[in-house]
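Here this note's numbering is used: the first residue of the sequence shown is 34, the next is one more, and so on.
No wet-lab data here; the hints were simulated from the structure. Be aware that a few hints might be false.
[What the hints assert, rightly or not] Have a look at the derived ranges for each label pair, beta carbon to beta carbon: (1) E252 - G182: 19 to 27 Å; (2) V250 - T288: 36 to 44 Å; (3) K211 - W244: 38 to 46 Å; (4) G182 - L107: 38 to 46 Å; (5) V361 - R123: 39 to 47 Å.
[Claimed, not checked] The calculated DSS-like cross-link candidates involving lysine-lysine, where the alpha carbons are at most 27 Å apart (straight line), are: (6) K303 - K386; (7) K386 - K211; (8) K309 - K386; (9) K309 - K211; (10) K326 - K303; (11) K326 - K211; (12) K309 - K326.
All C-beta atoms in this analysis are idealised placements derived from N, C-alpha and C, irrespective of residue type, glycine included.
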Amino acid sequence: MWNETDDSIVEGSNIATVDPFAGELDESSKYNIFFTTYNPHSPAYSNNITDLGISINLLKFCLEGVGITTVSVLGVIGNILSIIVLSSSRMRSSSSVFLLCLSFCDITVLVGATLLIGIPSLLAYNPEDGRALVFNIMRILQFGYCIPGFYAFTVTAITGSILFTLALTLDRYLAVCKPFFARNLCTWSRAVVVSSVIMVVNILYNLPKWWEYTYVVEETNNFTIYRPVPAAIRTNVIYDTYYTHFSYLVLMFVTPICSLIVLNVLIYLKIREANKLRKNLSPTQKNENSLTKMLFGVVAVFLMCQLFPAILNMTRYLSGDREMTPEVEFVVVFLFVVNSSVNFLIYCAIGGKFREIFCDMFCCWNSNSRIRRLAASTKTTLRSLSLSSSTTTGRSRAFSIQSQGAIQHANAMLAISPPANQQHPQISMISHHILQP
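The whole structure should be built from the sequences, with the hints applied where relevant.
Below, the structure is given as structure tokens:
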């Protein structure tokens with residue numbers, strides 16, 4: 034049984050302060066990942082997991098096990114689809130760069146949450162048999178060896194998602210409120226540079242996280258077990274007070290949340306003012322508004338999932354009481370996972386252009402509408418060319434006549450819905466008209 038595993042641990046050593054569940058972070062470490070560390074110096078709570086009531090074990094199984102694992106898997110799929118769509122040339126913009134980086138960070142968060150919390154909690158519902166099962170799986174996979182790295186990657190990804198959400202908001206603020214500056218600043222290439230700088234700063238800031246955990250090697254029943262244990266830096270009072278709590282509270286919670294609220298209010302007021310002045314929007318303006326609506330959705334979910342942990346952390350830090358009930362801890366972690374999982378749904382529900390490109394890529398039934406849009410676009414382009422060339426040379430007038438023929442062809446395409454087996458020749462004919470001199 035598990036108590037036999039603990040007999041080999043020297044009382045009073047650092048190893049004794051760690052949950053004897055090999056391959057899994059102690060309870061304090063789990064919530065430290067999501068900035069909700071309540072008492073990293075006391076092993077009391079982390080060692081009494083088997084003494085919790087049945088209701089707490091059931092809540093842990095449902096939220097941490099079933100909930101986090103299920104939501105994370107669906108979230109990873111959604112973020113992969115988002116990356117595919119956002120990588121399209123039709124979505125090429127500065128905002129899409131930040132959304133791409135946000136999706137990569139969210140995938141890392143979800144994978145880390147599943148490996149560090151979801152799957153172990155799912156398998157360990159039974160305090161004895163379940164934990165023994167996970168112990169055997171973890172020691173076979175040598176999972177404990179990788180936990181310090183998974184932990185650092187996950188924390189870095191969480192702070193990265195916060196920073197990229199803030200960068201996206203700044204980008205939209207410039208595009209809406211400072212359009213003249215945005216023409217030169219908010220470009221795809223500059224966004225790539227800014228994203229690279231953000232990632233470098235983020236990695237440097239979270240560099241100490243790589244040394245918060247280490248592992249000890251143990252030999253048990255002819256198996257080599259790598260048991261994760263807290264390093265000395267993690268129990269340092271100064272490090273814990275000023276870096277783990279104060280700096281994260283100010284730099285990763287208070288400052289981003291306040292900035293997001295202020296910037297989004299300014300963006301909303303500017304859009305409302307602009308809509309009063311003009312009723313008809315150009316395609317470019319509609320595209321900008323679509324991106325801005327996507328931003329509002331992303332920020333709204335971010336604030337709903339982050340405000341509660343932020344307020345909780347602030348009150349705990351100011352009061353000096355860093356303990357919280359298990360129920361609250363489970364809910365806090367689940368909120369972070371939900372925040373990283375739902376962006377794809379927001380893009381599809383609010384982003385018209387994103388939804389259109391997604392349907393073009395993945396929906397077979399959308400092929401007819403794609404041809405109709407292409408025909409309409411061709412008609413508009415050729416009419417513009419015809420008008421501009423009608424006042425020039427005879428060759429241009431000939432091109433005008435040719436363009437009129439293409440317009441008639443486009444009108445014919447718009448009048449009927451072509452069968453699936455004739456779609457590619459029609460697209461080829463439109464391209465032929467466009468490419469002719």
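Against which earlier hints does the structure fall short, listed by number upward?
-> Hint check: 4 fails alone, others pass.
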